[in-house]
Each structure stands twice: as C-alpha cells, then as structure tokens.
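> Chain residues, written in single-letter form:
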Amino acid sequence: MWEYTDKVREHFLDPKNVGEVENPDGVAEVGSIACGDALKLTFKLDENQRIKDIKFKTFGCASAIASSSALTEMVKGMTLDEAMKITNQDIAAYLGGLPQEKMHCSVMGKEALEKAIENYRGAPVKAPGEQIICECFGVTDKEIERAVLENNLTTVEEVTNYTKAGGGCGNCHEAIRQIIERVRGNKEVNPILKPRLSNIQKIKMIEETLEREIRPSLKLDGGDIELIDVEGNRVLVAARGMCATCKAADITLKHFVEAKLRDLVSPDLVVEEVTS
Amino acid sequence: MNVVYLDNNATTQVSGEVMSAMMPFFGNFYGNPSSMHTFGGQVAHKIREAREKVAELIGAHPDEIIFTSCGTESDNAAIRSAIYTAPEKRHIVTSRVEHPAVRALCAHLAGQGYRVTELPVDKDGRLDMAKYESSLTSDTAIVSLMWANNETGAIFPVEEAADIARERGILFHTDAVQAAGKIPINMKQNNIDMLSISGHKLHAPKGIGILYIRKGTKFSPFMIGGHQERGRRGGTENTPSIIGLGKACELARLNMERENTYVRELRDRLEKALLTAIPNSRVNGDTEHRLPNTTNISFEFVEGEGILLMMDQYGICASSGSACTSGSLQPSHVLRAMGVPFTMAHGSIRFSLSVFTTPAEIDFVIEKLPPIIERLRGMSPYWGPGKEVCHVA
Numbered sequence: 001m002w003e004y005t006d007k008v009r010e011h012f013l014d015p016k017n018v019g020e021v022e023n024p025d026g027v028a029e030v031g032s033i034a035c036g037d038a039l040k041l042t043f044k045l046d047e048n049q050r051i052k053d054i055k056f057k058t059f060g061c062a063s064a065i066a067s068s069s070a071l072t073e074m075v076k077g078m079t080l081d082e083a084m085k086i087t088n089q090d091i092a093a094y095l096g097g098l099p100q101e102k103m104h105c106s107v108m109g110k111e112a113l114e115k116a117i118e119n120y121r122g123a124p125v126k127a128p129g130e131q132i133i134c135e136c137f138g139v140t141d142k143e144i145e146r147a148v149l150e151n152n153l154t155t156v157e158e159v160t161n162y163t164k165a166g167g168g169c170g171n172c173h174e175a176i177r178q179i180i181e182r183v184r185g186n187k188e189v190n191p192i193l194k195p196r197l198s199n200i201q202k203i204k205m206i207e208e209t210l211e212r213e214i215r216p217s218l219k220l221d222g223g224d225i226e227l228i229d230v231e232g233n234r235v236l237v238a239a240r241g242m243c244a245t246c247k248a249a250d251i252t253l254k255h256f257v258e259a260k261l262r263d264l265v266s267p268d269l270v271v272e273e274v275t276s
Numbered sequence: 001m002n003v004v005y006l007d008n009n010a011t012t013q014v015s016g017e018v019m020s021a022m023m024p025f026f027g028n029f030y031g032n033p034s035s036m037h038t039f040g041g042q043v044a045h046k047i048r049e050a051r052e053k054v055a056e057l058i059g060a061h062p063d064e065i066i067f068t069s070c071g072t073e074s075d076n077a078a079i080r081s082a083i084y085t086a087p088e089k090r091h092i093v094t095s096r097v098e099h100p101a102v103r104a105l106c107a108h109l110a111g112q113g114y115r116v117t118e119l120p121v122d123k124d125g126r127l128d129m130a131k132y133e134s135s136l137t138s139d140t141a142i143v144s145l146m147w148a149n150n151e152t153g154a155i156f157p158v159e160e161a162a163d164i165a166r167e168r169g170i171l172f173h174t175d176a177v178q179a180a181g182k183i184p185i186n187m188k189q190n191n192i193d194m195l196s197i198s199g200h201k202l203h204a205p206k207g208i209g210i211l212y213i214r215k216g217t218k219f220s221p222f223m224i225g226g227h228q229e230r231g232r233r234g235g236t237e238n239t240p241s242i243i244g245l246g247k248a249c250e251l252a253r254l255n256m257e258r259e260n261t262y263v264r265e266l267r268d269r270l271e272k273a274l275l276t277a278i279p280n281s282r283v284n285g286d287t288e289h290r291l292p293n294t295t296n297i298s299f300e301f302v303e304g305e306g307i308l309l310m311m312d313q314y315g316i317c318a319s320s321g322s323a324c325t326s327g328s329l330q331p332s333h334v335l336r337a338m339g340v341p342f343t344m345a346h347g348s349i350r351f352s353l354s355v356f357t358t359p360a361e362i363d364f365v366i367e368k369l370p371p372i373i374e375r376l377r378g379m380s381p382y383w384g385p386g387k388e389v390c391h392v393a
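As given, the protein sequences belong to chains A and B, one line each in that order. The opening position of the first sequence corresponds to residue 1 in the numbering used here, with each subsequent residue numbered one higher. The opening position of the second sequence corresponds to residue 1 in the numbering used here, with each subsequent residue numbered one higher.
Everything labelled a hint here was simulated from the structure, so no lab data went into it. By construction, the Cβ of each residue, glycine as well, lies at the ideal position given by its N, Cα and C atoms. Careful, some of the hints might be misleading.
Simulated DEER-style distance windows between Cβ atoms [stated by the list, open to error]:
{"hint": "1", "chain 1": "A", "residue 1": "E174", "chain 2": "B", "residue 2": "G111", "range": "16 to 22 Å"}
{"hint": "2", "chain 1": "A", "residue 1": "D6", "chain 2": "B", "residue 2": "N32", "range": "38 to 44 Å"}
{"hint": "3", "chain 1": "B", "residue 1": "E367", "chain 2": "A", "residue 2": "D6", "range": "26 to 32 Å"}
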C-alpha cells in the first residue's frame, strides 16, 4: 500500500472542483488511457484576468486525482503569469508530499495547467523539434529535460518516477541516461584518465575487481572464475563451477568480465580463457 | 470497522483450529526433531503426521513431500533442480501468465543463456495446447505451468500438459499455490513430476510451503545443509508452521466440497450482481475452467487504485491489476498477455473469497461498490453520455 499523506487522502476522497467549466477560456487534455492516467483541465478568467473558475476531470490513481484537485485550489484567483510559476514540486508540497513513484502525477498537473494557459494565449502547444524518447508513454526529450532540471534528477529511475519515461519496455533507458548527462553538464563522457599502472598494481587491481565485482554475480549462478596469469594486457582466466560447463560462458567472459575489467582497471585489457 | 476480506488469493486468515494446533510447538514442544532423545523425537513424530496430512490432500506418498519456506522457494527448487540434473538441456517452457516466482526466475535463467519459451494465452487466458506441444524439444529441461492463475483464477489443463511432457521424457512442474485446497488434486492420477504449494494461501501461516517430488524424479537440493527432509532441503524444520500446514491441509480436504458449492455460489452472486448493477463491466478470464473463489472484474474508464482506496473506506479488501497498484507503470502482465484493452485493464479488481466469507459480506460489497464506480466515473474524462454499454449476457 502506498504511504499517502492525510492531505492526499482528503483531496482524493473529497476532491474539489471536479467537472468542466462551461464556455472555458482555456482547455487542456494531457495523458491517455493507455498510459494509465489522463487529465482534462478547463478554466475561466474574470474581468481582471484572474482565474475565476477552474475544474478538472481525471482518470488515474488516487494521487493523480489529489494532484488535480490540489492544483485547482492553488491557482484559483491567480493571474495566468502567477499560475505559470507553479511547479510540480509546489503541487506535491501542497499535498504534504507524494511517494517518489507517484511524482509523475504532480508533473501531469503542471503540464495540464501550462497547456491550458497556452491554449488560451494561442501559443504553440508543442515546441518545435521535440522528439519522443519513451514510446511506451509518449514522453518527449523536452519533457525529460525539464523534469531533470526542475527536480534535480540524476538517475533513469528518478526520471521514470517523475515522467513515466522508461517505465515500459525499457528500450529508451540509454537515451534517458544521455539526456541526464547532457542536462547536467557532462556533455561528453570523457573516459577518466587513469594513471599508468605497474604490472604488480595491475594484477592486484584485477584480482580485487574479480573478487569484489565479478565473483559474487557468477556465484549466484553456481559459477566461478580463477585468474591464471596476466601477460601485458592479456588477462588469462579459467572458468570454474557452472561456468566451466555453461555454454554462455564465453559471452559472460567478453560482455561481463572483460567489460568490468576494462571499466575498472584499464581499457586495454583483453580477457582470454585458458583450460587448466 | 469490520473488515470484509475478499483478497484470499493474496493471503488467507490462519484458521482458529490451525492456530491451536500450532501453539504447543511454540511452547513446551520445542525439541529439535532431529535429536536422539524422546523430547525431540515426539516432535519428529508430529511432523511425520503433518506430512501425511499434506500428502493426503493431494493423493501423494508422504515421502514425496518436502517442506520449504514458501511457494517461491518450492518453484525455485523445482526448476533449478531440473536444470542441474540435466545440464546438457538448455530449454525451459513456461507461460506468459506465471507468478513472478517462476517468471522472474526464468528471465534470470534466460540471462544465463537458457532458451525460455513463454507460451502465449488467448483473450480468456487459455493455453494453446498445439503451440505447447510444438514448443517441446529434445533440449527441453523442464516445463513449468501454473495450475490456476492467481489473478483470474483460470485453470490450465496441467494434467493433460504433463502427459504430453511425460511422453517426451520431459520433467513437468506446476505451481499449484492457488489450486491447492480449492480444487481436487490427485497425484496418483497424473504425470506431474513436481508441484508447489504455499501454506498461507490455504489458512496456514506465512513462511511455510511444500514441494511435491514424484518418487524416482532426480532431485538436486536448492537449500544445502543438514540431512533434514532426507537431504533434499537442509535447515532445521519450521516445526510450528509444519504442524499448522498439516492441520490446514486436513481442513482443506474436508472443506473442498464447501469451496465448490458455498464459496462458488457466493462468488457467482457477487459477480452477477456487480455486472448487472454496473454498466461497462466485464469478467476477465476463462469462466468455465476457473477456481470457485475468484472473480476478476473490469470497470471501464476508471482506475483500480481509486476503487481499492474507496472500498478501503468501508473495510473492503481486494486487489487490482492496474498499473498504479503494481508499483510498475503498466497493468498486470496477466491482463496484458490476455490482450485486455487498456480501458478495461486499469480498472480491474480481483475479488477472492474463502470459506470464511459470509453472504452478508457479499451483500455489503454489492451495495457499496456501484456508487464508488459511479463516483469515480464522474471524475473521469473518458466517461460521459453515450459511453454506456451493457455487457451482461
């Protein structure tokens, strides 16, 4: 069960401003039934260009309904410029916080508000050049960039919690990772220059890496690996346990063992299997 | 507030008789069943009796039963044993609707180079037996198919599937966690090699399960340690829970008829009343071959979590296959495998009854649920005039 705050429960069980405003000044629909949540927002302005009436209809979980309800309460009486300043974090804060996995509900509220205001102002709904990154949930690069910036996100998992991107088939995880890196300023992932190692240092690091990073995973599957020798950049190993009979062992050696050693010790290493 | 517990496929209440049977083994009967003294030996004797009761429920020989810690352990032990004892075989056959205990394990093994065939199901969650048969090869180490589905209650023809596997000399395992105690199982009359049962689904406590291993089946233990369970599962016996499971199996055997008359009638009444009262609702999964206690109903254009939380206000407990309740962002893998449309999948609710369910509780749900759906639909942007379709046959 989710740990919802009392405020979330209150806004879910007794939501404010449900419905549609008649002859609205601004309208927005975000989300879709396939994605599991959707929100239709309508508002009307008064003579002073302040939000007089705002209503929502939401399909989604309790936190989606509560976020919508909270949003409408927050922006009533505001000018559109004031309303534009509301962030998804403000919505979550108003509700006393949301579970991490549900932060996307607050993002949906913010998106709907912006779109409804853009709809009123006649601004372009979608920035040109936007590109869909997550095909499962139809999330664009701009949406991900914004969520990363505004919420200071650092991992793919966090991006999924906030935007849903990457929560389906997972094919876009690499693309999301690149966006995170780009936004956070490490434009090129320069390989960190490692100091040259002496042979003894190298062997020691290889042994340590095998012990700490590689053996535990192999052992889970009943396998093991033994370091036989290191000749220059050639790492000679022997497969043990299940690995010795496993037909996928050479794939494991290349894709897992060698990749790990290259990553953690030296990019020039080549792993070779010897029988002994 | 009274709790109306209709989530018995998630877990069940430990029945009073089971609890009383267990209590002495938390107290005076704390001896180690492996000990040489009479004090421990008397506990071993009680464990032997419990093993007989478990065996009796499924028509097995007591030697064919090993006690484990849960259904997941039993599934792991069965599948891992099959591949350890036949290292030259690299293929596993299973289905797309298995419990994570089997599904995640098979995905893990696929990562190690095993070829895994996940058999599809049709819109009612039924297996295509021709497809199953053609998936078997001389490289197949094991078939693992669940007896009954935890989300829809749909029953697979596992006995027929086991016959086909046997003809080809392939091991057959079934996760019978949801089936045991609800429908008759007789291991004397089928060719299933291994079968998993979990205690807490049939009114025994959590933390106890069994794996049935047919006599003559090669077995490589998953839990290595002492000589307990005749070397097939190390670890000092969880005595109180084993005694509890024995009692629960004895009661399940006596309650089997009630499960298929009383419980079935209540389930049918609930289902029919909800489908009648709520437009745009439907049952997910095979209704012909189905557990007597389970119904999985979808309410179109609303989301399951909201339904559950509103029912929670009345103390009504059930489950949902919606994305929001799963912690992932997609609806349940079972409903997706069946191709249930998104408008329906997100609003699916599973009610699972037990012999402890009362007619008054069912009436309470029939009274409270329709207004909840109406209320949530009132908030849904997809619901409105013209959407209403009556699905009741």
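> With reference to the structure, classify each hint as holding or not holding.
We went through each hint and held it up to the structure:
Our hint of 16 to 22 Å for E174 (chain A) and G111 (chain B) holds, since their Cβ atoms are close to 18 Å apart. The supplied range of 38 to 44 Å is broken by D6 (chain A) and N32 (chain B), whose beta-carbon atoms lie about 49 Å from each other. Restraint check, E367 (chain B) to D6 (chain A): a C-beta distance of roughly 27 Å satisfies the suggested window 26 to 32 Å.
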